[in-house]
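Under the UniProt record's numbering, think of the first position of the sequence shown as 1, with each following residue one higher.
Misleading hints may appear alongside valid ones.
Taking lysine to aspartate or glutamate pairs in the EDC-like style, the calculated list, with each CA pair at most 20 Å apart, reads [to be verified]:
{"#": "1", "residue 1": "K165", "residue 2": "E128"}
{"#": "2", "residue 1": "K323", "residue 2": "E336"}
{"#": "3", "residue 1": "K495", "residue 2": "E485"}
{"#": "4", "residue 1": "K495", "residue 2": "E467"}
{"#": "5", "residue 1": "K340", "residue 2": "D319"}
{"#": "6", "residue 1": "K337", "residue 2": "D315"}
{"#": "7", "residue 1": "K340", "residue 2": "E382"}
{"#": "8", "residue 1": "K323", "residue 2": "E418"}
{"#": "9", "residue 1": "K340", "residue 2": "E459"}
{"#": "10", "residue 1": "K489", "residue 2": "E467"}
{"#": "11", "residue 1": "K323", "residue 2": "E485"}
{"#": "12", "residue 1": "K323", "residue 2": "E506"}
{"#": "13", "residue 1": "K495", "residue 2": "E477"}
{"#": "14", "residue 1": "K337", "residue 2": "E351"}
{"#": "15", "residue 1": "K495", "residue 2": "E231"}
{"#": "16", "residue 1": "K279", "residue 2": "E491"}
So the derived label-pair ranges between C-beta atoms look like this [claimed, not checked]:
{"#": "17", "residue 1": "G111", "residue 2": "G400", "range": "43 to 51 Å"}
{"#": "18", "residue 1": "G111", "residue 2": "T335", "range": "19 to 27 Å"}
{"#": "19", "residue 1": "E210", "residue 2": "K165", "range": "22 to 30 Å"}
{"#": "20", "residue 1": "P287", "residue 2": "E418", "range": "52 to 60 Å"}
{"#": "21", "residue 1": "S332", "residue 2": "S273", "range": "52 to 60 Å"}
{"#": "22", "residue 1": "L180", "residue 2": "G125", "range": "47 to 55 Å"}
{"#": "23", "residue 1": "F435", "residue 2": "H182", "range": "24 to 32 Å"}
{"#": "24", "residue 1": "Q486", "residue 2": "E377", "range": "25 to 33 Å"}
{"#": "25", "residue 1": "L192", "residue 2": "R274", "range": "32 to 40 Å"}
{"#": "26", "residue 1": "Q455", "residue 2": "P298", "range": "49 to 57 Å"}
No lab work stands behind these hints, which were simulated from the structure alone.
No residue lacks a Cβ here, since even glycine has one placed at the ideal position from N, Cα and C.
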Amino acid sequence: MPVTTLCTGNPHASTNILRHATSTKPLVLWRHRTHTIPVARSRLPSYPGRFSWNASSCILRRSPPSFRTAHSQRGVPYRRAYSVANNAFPSHDEVYLPGIDLENLENYTPGGYHPTLLGDAFHNGRYEVVHKLGYGSWSSVWLARDRHLQRYVSLKILVANASSKSTEGTILQMLCSGDLAHPGRRFIPRLLDRFSFDGPNGRHLCLVQEPASCDIAASKEDSINFMFPVEAARSIAAQLIMGVSYLHSRGVCHGDLYIRNFLLYGPSLDCLSRDELYKRYRLDTTPISRVDGAVLQPHAPPFAVYPMHIKMPADKLVDPTIKISDYGTSFSISTEKCPKLYTPALYLPPEDFFGEPITQAADMWTLGVNLYEVLGERPLFESFGWDRDDIMAEMVNSLGLPPARWWDAWENRKEFFEPDGSWVHNVRRICTPVFRRLHQRMWDMGRGETPETCQWDVERGEMRTLEELLRGMMAFEPTERLTAEQAMKSEYMVKWAMPAWERQRERRTRIKPDGEDLGTCDAETSRKGHHQ
Numbered sequence: 001m002p003v004t005t006l007c008t009g010n011p012h013a014s015t016n017i018l019r020h021a022t023s024t025k026p027l028v029l030w031r032h033r034t035h036t037i038p039v040a041r042s043r044l045p046s047y048p049g050r051f052s053w054n055a056s057s058c059i060l061r062r063s064p065p066s067f068r069t070a071h072s073q074r075g076v077p078y079r080r081a082y083s084v085a086n087n088a089f090p091s092h093d094e095v096y097l098p099g100i101d102l103e104n105l106e107n108y109t110p111g112g113y114h115p116t117l118l119g120d121a122f123h124n125g126r127y128e129v130v131h132k133l134g135y136g137s138w139s140s141v142w143l144a145r146d147r148h149l150q151r152y153v154s155l156k157i158l159v160a161n162a163s164s165k166s167t168e169g170t171i172l173q174m175l176c177s178g179d180l181a182h183p184g185r186r187f188i189p190r191l192l193d194r195f196s197f198d199g200p201n202g203r204h205l206c207l208v209q210e211p212a213s214c215d216i217a218a219s220k221e222d223s224i225n226f227m228f229p230v231e232a233a234r235s236i237a238a239q240l241i242m243g244v245s246y247l248h249s250r251g252v253c254h255g256d257l258y259i260r261n262f263l264l265y266g267p268s269l270d271c272l273s274r275d276e277l278y279k280r281y282r283l284d285t286t287p288i289s290r291v292d293g294a295v296l297q298p299h300a301p302p303f304a305v306y307p308m309h310i311k312m313p314a315d316k317l318v319d320p321t322i323k324i325s326d327y328g329t330s331f332s333i334s335t336e337k338c339p340k341l342y343t344p345a346l347y348l349p350p351e352d353f354f355g356e357p358i359t360q361a362a363d364m365w366t367l368g369v370n371l372y373e374v375l376g377e378r379p380l381f382e383s384f385g386w387d388r389d390d391i392m393a394e395m396v397n398s399l400g401l402p403p404a405r406w407w408d409a410w411e412n413r414k415e416f417f418e419p420d421g422s423w424v425h426n427v428r429r430i431c432t433p434v435f436r437r438l439h440q441r442m443w444d445m446g447r448g449e450t451p452e453t454c455q456w457d458v459e460r461g462e463m464r465t466l467e468e469l470l471r472g473m474m475a476f477e478p479t480e481r482l483t484a485e486q487a488m489k490s491e492y493m494v495k496w497a498m499p500a501w502e503r504q505r506e507r508r509t510r511i512k513p514d515g516e517d518l519g520t521c522d523a524e525t526s527r528k529g530h531h532q
């Protein structure tokens, strides 16, 4: 039986704590242990083709078709993820046997996920669920067929507790109706429809959008060298900067910028029938069982669906088109009084570590951290279990001393630094950070270690201007960081990133005269990706 290794601090606590480690408590050391977890798989059970209608929820429910589920060659499906793997050790208060690479099954409860099934039809039968795209802490995302327009769409179904308070639909609608002339507007997902419905766990908001192929993190994971080609990387950098510039011009702070929220769009699936879709993108499921062995209640579906895997390997991508997704924690800077960030700790700005006010400058920090990772092969900051003390030490290693108020408030800085700010020689940590300034980290991106071998145009100043841009975006003091508008006018953007994007647009316009932008891979890679 295949096994997966997870790193958790408590075998009875969800490992989502590693992703959403956003507490404002003083920085302390978290201890983590490694556990080996058996992975159980199953085939999709056979159901007769029955239909049932729930008048109160306006859901047309059809039992799934009868066919056998294909399995991953390695026994474990690829993680298409908006979340880290969930806890695989049931505690005394858990209801369901946990799964691997699935949403937290404990959230199938009143106020939680809607128990979506393949074949469900929403909004008076218009949208029929055919596959799963992903999941997050606050939603599950499904591929559905729009019966009115005969196209595929994504259905983002929010948990019931978040649906009534969510402003995501309102923010998306406002962004989609904004300045048509702004170059960054195209990098915001279109809101095609939104509606609410009632289910066994409460009332849910559903947002309908165009389906993406994968996120940037998955694209890098599927590649050989974990990097985009140089020209594609420059283009992505331009798209991200333009997109954030548009958000900020509309008075919105995203609040959760990181590479799993940057979606890549490939060729349309609309030409595929449902049967053809299943042939290309296999369907993996596993039964959901209760810890006590009792019969499942209506709060949970009978089986869980693994997200579909559409491969767009970064190293094969020619003309990437991205959109900035997930506005569930976004806010308007003019109305939100005490905004909170839910960004993974590795990308959080230092002001969040110390409980200071969050502004649009927080987006600029997280964008800078993400740009380094998008343009290279590895994260800017590296830490075991995303320990906050390690991350803070990485910030200081890279960028120098923080403001005195943060330096003095950091309780555990003595584990890394002498009182004068010099590096402690005998650092004793689970994973000891390596002292590297930002300039050295620029050479550690994987693009070459000497001016002669570097893929960046070192002679003409590309690396220098990129370092200047990142340093400006990641100034410790929020008020001293570059704004998105200033980043748009930076030398790196003007000389390197924007020209790459414009060349891509020109190529795509020749291919598709209507100007639609789609990421492309070579045909052989696309075929392989569809069948793996």
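List of violated hint numbers, smallest to largest:
1, 2, 5, 6, 7, 8, 9, 13, 16, 21, 22, 23 and 25
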